[in-house]
Amino acid sequence: METAADAPTPSVRIPDGVSPVVLPTPFGVGDVNLWLVESSPLTLVDAGPATALALETLERGLAERGHRVEDLERIVLTHHHADHFGLAGQLVRRSGAEVHAFGGIAGWLGDVGRRSRQEMRFVEERLVRHGLPQEVALGARAADAMVRGYFEAVEVTHPLAEGDVLAFEDREWHVHHRPGHSTSDTVFHDREARALVGGDHLLAHVSSNALISEPLNAAEEAADPTLRLTPLRDYRASLARTREMDLDVVLGGHGVPVTDHRALIDERSAATERRLTRIVDEIAAGHETAFDIARAMWGRTAYVQVHLVMSEVLGHLELLEGDGRIAADEVDGVLRLREV
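Numbering follows UniProt numbering, in which position 289 of the sequence shown is assigned residue number 289; successive positions increment by one, without gaps.
Just so you know, the hints here were simulated from the structure itself, not pulled from any lab data.
Note that the structure is a prediction, hence the values are computed from the model and not measured.
Idealized CB from N, CA, C, for every residue including glycine.
Heads up, some of the hints might be wrong.
DEER-style ranges, computed between Cβ atoms [what the hints assert, rightly or not]:
1) Arg262 with Gly17: 24 to 32 Å
2) Val331 with Ala161: 38 to 46 Å
3) Arg300 with Arg338: 20 to 28 Å
4) Asp111 with Arg233: 26 to 34 Å
5) Pro133 with Glu70: 46 to 54 Å
6) Ala145 with His205: 25 to 33 Å
7) Ala153 with Arg300: 31 to 39 Å
8) Arg93 with Ala263: 39 to 47 Å
9) Arg93 with Gly299: 41 to 49 Å
10) Thr301 with Ala63: 36 to 44 Å
Starting from the given sequences, assemble the full structure and let the hints guide the process.
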């Protein structure tokens, strides 16, 4: 799961004209990497969280390169998590920059207050069905409300789709949707530089959670909490597609760049297989619900990082159930797990 990671190191070969602007966040993951492309149009990838400290740090980072917020012409968002898009609205008001993001999340970003609360309800109902106690759910709800203070709505002026191309005067980035960590994860491939701007799709020192979230096509009403979700399955498929790419470097949203993406993806796959085995063992030991498993494997963290830990467990359970290794029976509104 995501934890704090180091900032990018200059020893890694980063494409000409691209540089990291590292901002602090109030989250456990630590600093977030924005990527400034000093080309035409002047482009910033991701925006950081909406905090005064993050904005001050961004202003200073731009000034060190001879730019101001007002000079930004294009903001590109890799996904719809607060540490990546939170400041975008403020930056647009000051610069008039275009906003490019995956089209499926445009409506969510434009109506972020209502949609984020709706998604919170969807996730909470789902986790309670998997054994999360109501009192723990209330605590998670309060934490979610706090996170909503770190972003605001922003209009996506240029919705992106798989296969689109972002044009600069001196390069092209090919757009690829890579759902898993989030439903909106989008990566940008500079074929000539053999580089991928990856957001949180693949991070060097920590595995990215495949987070439980409401489907992108939910709109006026929250989706059915019994709907089958496949975030980890989707993430593994996305990683498999990235593994086939010819890359020298992946510029991630946290920590140092990845210089051997295939080896790292293989490590992540092996870790998933080990965790699948561990979860089957926990079910065999009598842990009947997803929250039981979360407590057994993560202890107190299961209470304070509810969404992260439960997403980790539920993603693996979906794989196991899909492969016919376990089954779930609903008893008094709670899903009880058993081996098959």
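Hint by hint, here is what the structure shows:
1. Hint check: Arg262 to Gly17, Cβ distance near 26 Å, so the stated range 24 to 32 Å holds.
2. Between Val331 and Ala161 the beta carbons are some 43 Å apart, a value that agrees with the proposed interval 38 to 46 Å.
3. For the pair Arg300 and Arg338, the beta carbons lie near 27 Å from each other, so the given range of 20 to 28 Å is met.
4. For Asp111 and Arg233, the hinted distance range of 26 to 34 Å is satisfied, since their beta carbons lie about 28 Å from each other.
5. Between Pro133 and Glu70 the beta carbon distance is about 49 Å. The supplied range of 46 to 54 Å therefore holds.
6. Checked against the hint of 25 to 33 Å, the pair Ala145 and His205 passes, with Cβ atoms roughly 30 Å apart.
7. Judged by the Cβ atoms, the range 31 to 39 Å given for Ala153 and Arg300 holds: they are separated by roughly 35 Å.
8. At about 43 Å, the beta-carbon gap between Arg93 and Ala263 stays in the expected band of 39 to 47 Å.
9. For Arg93 paired with Gly299, a C-beta distance near 44 Å keeps the hint of 41 to 49 Å intact.
10. Hint check: Thr301 to Ala63, Cβ distance near 39 Å, so the stated range 36 to 44 Å holds.
In summary, this structure violates none of the numbered hints.
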